[in-house]
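Just so you know, the sequences run in chain order A and B. The numbering used here applies: residue 1 is where the first sequence begins, and numbers increase by one. The numbering used here applies: residue 515 is where the second sequence begins, and numbers increase by one.
The set of hints was computed from the structure by calculation and includes no laboratory data. Check the hints yourself; a few may be wrong.
[As the list claims (entries may be wrong)] List time: in silico EDC-like cross-link candidates among lysine to aspartate or glutamate, alpha-carbon distance up to 16 angstroms:
| id | chain 1 | residue 1 | chain 2 | residue 2 |
| --- | --- | --- | --- | --- |
| 1 | A | LYS70 | A | ASP241 |
| 2 | A | LYS313 | B | GLU963 |
| 3 | B | LYS576 | B | GLU598 |
| 4 | B | LYS810 | B | GLU598 |
| 5 | B | LYS584 | B | GLU598 |
| 6 | A | LYS313 | B | ASP968 |
| 7 | B | LYS827 | A | ASP454 |
| 8 | B | LYS827 | A | ASP98 |
| 9 | B | LYS1017 | B | GLU698 |
| 10 | B | LYS576 | B | GLU595 |
| 11 | B | LYS616 | B | ASP605 |
| 12 | B | LYS576 | B | ASP755 |
| 13 | A | LYS102 | A | ASP91 |
| 14 | A | LYS62 | A | ASP80 |
| 15 | B | LYS584 | B | ASP755 |
| 16 | B | LYS576 | A | GLU428 |
| 17 | A | LYS62 | B | GLU698 |
| 18 | A | LYS503 | A | GLU184 |
| 19 | A | LYS296 | A | ASP98 |
| 20 | A | LYS62 | A | GLU84 |
| 21 | B | LYS810 | B | GLU698 |
| 22 | A | LYS313 | B | GLU955 |
| 23 | A | LYS62 | A | ASP43 |
| 24 | B | LYS827 | A | GLU449 |
[To be verified] Computed from the model, here is a short list of chain A residues facing chain B with C-beta under 8 angstroms:
| id | residue |
| --- | --- |
| 25 | ASN47 |
| 26 | PRO237 |
| 27 | ALA268 |
| 28 | ALA275 |
| 29 | ASP311 |
| 30 | LEU387 |
| 31 | ILE480 |
| 32 | THR483 |
[As the list claims (entries may be wrong)] Simulated coverage check for chain B against chain A, where a stretch passes if three residues somewhere in it have a Cβ under 8 angstroms from a Cβ of chain A:
| id | region |
| --- | --- |
| 33 | 875–881 |
| 34 | 914–924 |
| 35 | 977–990 |
None of these values were measured; they are calculated from a predicted model. We put the beta carbon where it would ideally sit given N, CA and C, even for glycine.
Number of protein chains: 2
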Amino acid sequence: MSETKPQNHRRRRTVTSNTTALRASAYRSLVNPFPPMNVFSADEVENIHNTSLRVLEDLGVKVMLPEARKIFQQAGARVDETNEMVFLGRDIVQFALDHSPKSILCRAGTPTRDVILELGRLAFQPGAGAPNATDLVRGRRPGSAADYRELTTLAHHFDVFQMMSPSVEPQDIPVHLRHYFTTEVQMTMTDKFPFLFSRGTAQALDCFEMVASFRGADDEAFQATPHSYTIINTNSPRALDAPMAQGLIDFARFGQLSIVTPFTLMGAMAPITVAGAVTLSHAEALAAITLTQLVKAGAPVCYGTFTSNVDMKSGAPAFGTPTHFQASLAAGQLARFIGLPWRSAAGSASNCNDVQAANENQFGLWGCLMAGATVVIHAAGWLEGGLSVSYEKLVTDAEVLNMVAELCAGRPAGTEEIGYDTALSQVEPMGHFFAAPQTMERYRSEFYEPVVHDYANFGTWTERGASDATSRATHVWQNILATAEPLEIDHNALASLQAFIAKRTQEGGAAPPN
Amino acid sequence: MSETKPQNHRRRRTVTSNTTALRASAYRSLVNPFPPMNVFSADEVENIHNTSLRVLEDLGVKVMLPEARKIFQQAGARVDETNEMVFLGRDIVQFALDHSPKSILCRAGTPTRDVILELGRLAFQPGAGAPNATDLVRGRRPGSAADYRELTTLAHHFDVFQMMSPSVEPQDIPVHLRHYFTTEVQMTMTDKFPFLFSRGTAQALDCFEMVASFRGADDEAFQATPHSYTIINTNSPRALDAPMAQGLIDFARFGQLSIVTPFTLMGAMAPITVAGAVTLSHAEALAAITLTQLVKAGAPVCYGTFTSNVDMKSGAPAFGTPTHFQASLAAGQLARFIGLPWRSAAGSASNCNDVQAANENQFGLWGCLMAGATVVIHAAGWLEGGLSVSYEKLVTDAEVLNMVAELCAGRPAGTEEIGYDTALSQVEPMGHFFAAPQTMERYRSEFYEPVVHDYANFGTWTERGASDATSRATHVWQNILATAEPLEIDHNALASLQAFIAKRTQEGGAAPPN
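The shape of chain A in the complex, shown without the other chains:
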């Protein structure tokens, strides 16, 4: 893990004359080099924060888990049990903000895969939580165990995904056993920071046990630093359902990371304006964050937002739009206002990996980058507003993320790079630099080498079959799957893991509560 301070990206230059391998490994720990962009004034941001506090205090949040209401009440919140409403005073929220960590070290399976979440850092995740998988060879189908394994291999392959995501739901595995499968796959097929479901305490405890044991962490070590994370969506507007509240409690209690994300679609479950939707999202995020800190002050928690708009003609969700971009900027301002690491999201509403899908995803991505997002979820592969993950789109989006990671590395401009003696003075007018000493020294590694982009001219490209980037991406993912090397794993740890799963399966697994 680099010790470089996030604010000074100039120190994080890759040595450009190094090999491709070194270039790639720099993708594991990124510092955001993009100057944060503001959409609102400082006064407007403060006003939004204060309005969110007013929403929490006067309008309240419906909290559907009795245990959570009790925790809020014990902290001094006013609770109305008749309608499950919790009214949170500003002092309680401020207590939570004072105790939420500003920097979170996330422990992966290998130290070089650890991720630090704090303002100024940058991490990417592929598309998450989709019911369907799709690719050009097999078409669109309900997500399966096979898809989940393959998508794990693909996500593991690209260093630019620093965190794993719940790619697709493996729907051929019963829900009461699914968490064993997804956790085992993540332990054995990747050493990246894993995602765990929060579908009831029984599942969470199973998963914690599996990760802690497989990683060789005792209770103290496991709980001292997060070894896993979950994603908590509120039920906008202004509700926190029982499973989500339970997840916040379980993960906080065991020192694991919750990434809190109200999913607020402007014009549907949120106000139609960016300012209104972000005010609502901020209020809900603060309520969820507060719950974690009341459970355990200092528990790892990440602020989050996913705010886009619906198409007002059809009510359909849209992503990668100007208002999505601006909502990211606004959320970034609020995250900086409270000082917490935060997650944002890219994504696309397109139904196939076409130009719309590329443009929406990249447009939304730049919103996240210029908003200073710490984690960008759904950064690759997400189609249909999250109803499918595309193998090809995962590859073509990874290309864009790789290029962003290259920008994170900066670029030196010293005497050697300017090259007055080794390049500029070595070539006659209208000559070429192919053989200049500076070129000869650097040509192997100066430029990013694309994964799927093709620079062949029209004639050569036509001769080769005129295949577009999406078709070429099929070959890329097929090749990755065909040549993936198995991870080196501890066989004792694996045996224990499998024994635990066998035992728990025999005991009936762990169904999520209704």
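Position chain B against the provided structure of chain A, taking the given hints into account.
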């Protein structure tokens, strides 16, 4: 033309509750809202500038037009006539920088189409200068007069293109008459700021005559403010050929705008490093700018760069790469260092309008935007590194540019937008905002309405034929061409224009010099 200061984009908000028509008209005059990003330190930028001056002074530039060498010599430059080399002292360059205008008002056919070029402003042009046109209906073919007309109609249609570009070469019109055709089309089919070829003095004077006469400008008015522009490419490295030098002289002499653009591909005609390539590009641009100011101090001239890299395996040019992005950032820093408006470029190396084409173009575009480019050329439609302009890509890229223009408008966050009383307090937990007063007031116009992006769900999209964005773009441009309204034009001016062309054609036209 808005009087708003470029640095304060918050004032340029569109009134979001206004109609789509009002929203669209705001695209005509954009102020860049993106915080400029630096890739080099201030010291590095100064060092690059000084090295460029050293290149001009010690290595020199080959200037292939005798008249241009004479102008440089009269200003005190050392000239070696045996090899056509000109060695420019720093004082001469500084004279030019002192006199180059920092803000340029470009006169279009209608005042609402005027464009101001200065740092902080933002203008887009569609892809320019391609030998071929391509679309899904008719395939790829050499550019023709019909294509040029159609692409003029498409460029005119989208307000987000504030300037016209030489889209494709109408190769079915002989070169000695081509400038009559392209100028007539621009005068009669659009009132946007026109592009004129600089292919010899005879052609330039023909074009100036046509524009001045058609716009009703006498010599003094025409020469006082640019009514047209041209693009000047140097012959990197370190050469200025006769037609380009002549163009700089002709346009400066008549007060018309030259946009100076060294086209420097890292690893080929420029050093392999970003720093080296930008040093070369900066030197060449300074030489060309200096020529314009020696011809006429204060002549309108725009600094420019187009620096990307080649694929070192094949030598093929690449666009929308990390080094292209960084070169734009570096050029932006140099433009701010010398204080001049400047042009940059997006573009794609892809051979069809696919995901690569979208991702490269948008990636390069963000480089331009974050570099604070005043004019982004090739912002839409450019494929094959400029060998073709795609009708479909022009449409899909225009969608992205529209969304960028929406961001330029900013977004308010006052009491009404936050909407505590009209939205947040009006909806119960887990309810929806479809009927909230704030929504009812704004739903018609709150969000950007896409040109070609489709938000239908998978089922509906499949029923409708599962067509991708590129296929849908075909219908978009066909519809624009089918429904385009002719421009209202002065029939006397048209008659004069046509009479002039007939006369000049009879006289033999104006062949470009060899």
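Checked hints:
no.	hint	result
1	A/LYS70 - A/ASP241	holds, 14 angstroms
2	A/LYS313 - B/GLU963	holds, 10 angstroms
3	B/LYS576 - B/GLU598	holds, 5 angstroms
4	B/LYS810 - B/GLU598	violated, 23 angstroms
5	B/LYS584 - B/GLU598	holds, 11 angstroms
6	A/LYS313 - B/ASP968	holds, 12 angstroms
7	B/LYS827 - A/ASP454	holds, 12 angstroms
8	B/LYS827 - A/ASP98	violated, 54 angstroms
9	B/LYS1017 - B/GLU698	holds, 14 angstroms
10	B/LYS576 - B/GLU595	holds, 10 angstroms
11	B/LYS616 - B/ASP605	violated, 19 angstroms
12	B/LYS576 - B/ASP755	holds, 8 angstroms
13	A/LYS102 - A/ASP91	violated, 19 angstroms
14	A/LYS62 - A/ASP80	holds, 9 angstroms
15	B/LYS584 - B/ASP755	holds, 15 angstroms
16	B/LYS576 - A/GLU428	holds, 9 angstroms
17	A/LYS62 - B/GLU698	violated, 67 angstroms
18	A/LYS503 - A/GLU184	holds, 14 angstroms
19	A/LYS296 - A/ASP98	holds, 13 angstroms
20	A/LYS62 - A/GLU84	holds, 5 angstroms
21	B/LYS810 - B/GLU698	violated, 28 angstroms
22	A/LYS313 - B/GLU955	holds, 15 angstroms
23	A/LYS62 - A/ASP43	violated, 29 angstroms
24	B/LYS827 - A/GLU449	holds, 10 angstroms
25	ASN47	holds, 7 angstroms
26	PRO237	holds, 6 angstroms
27	ALA268	holds, 6 angstroms
28	ALA275	holds, 4 angstroms
29	ASP311	holds, 4 angstroms
30	LEU387	holds, 7 angstroms
31	ILE480	violated, 18 angstroms
32	THR483	violated, 21 angstroms
33	875–881	holds (count 3)
34	914–924	holds (count 5)
35	977–990	holds (count 5)
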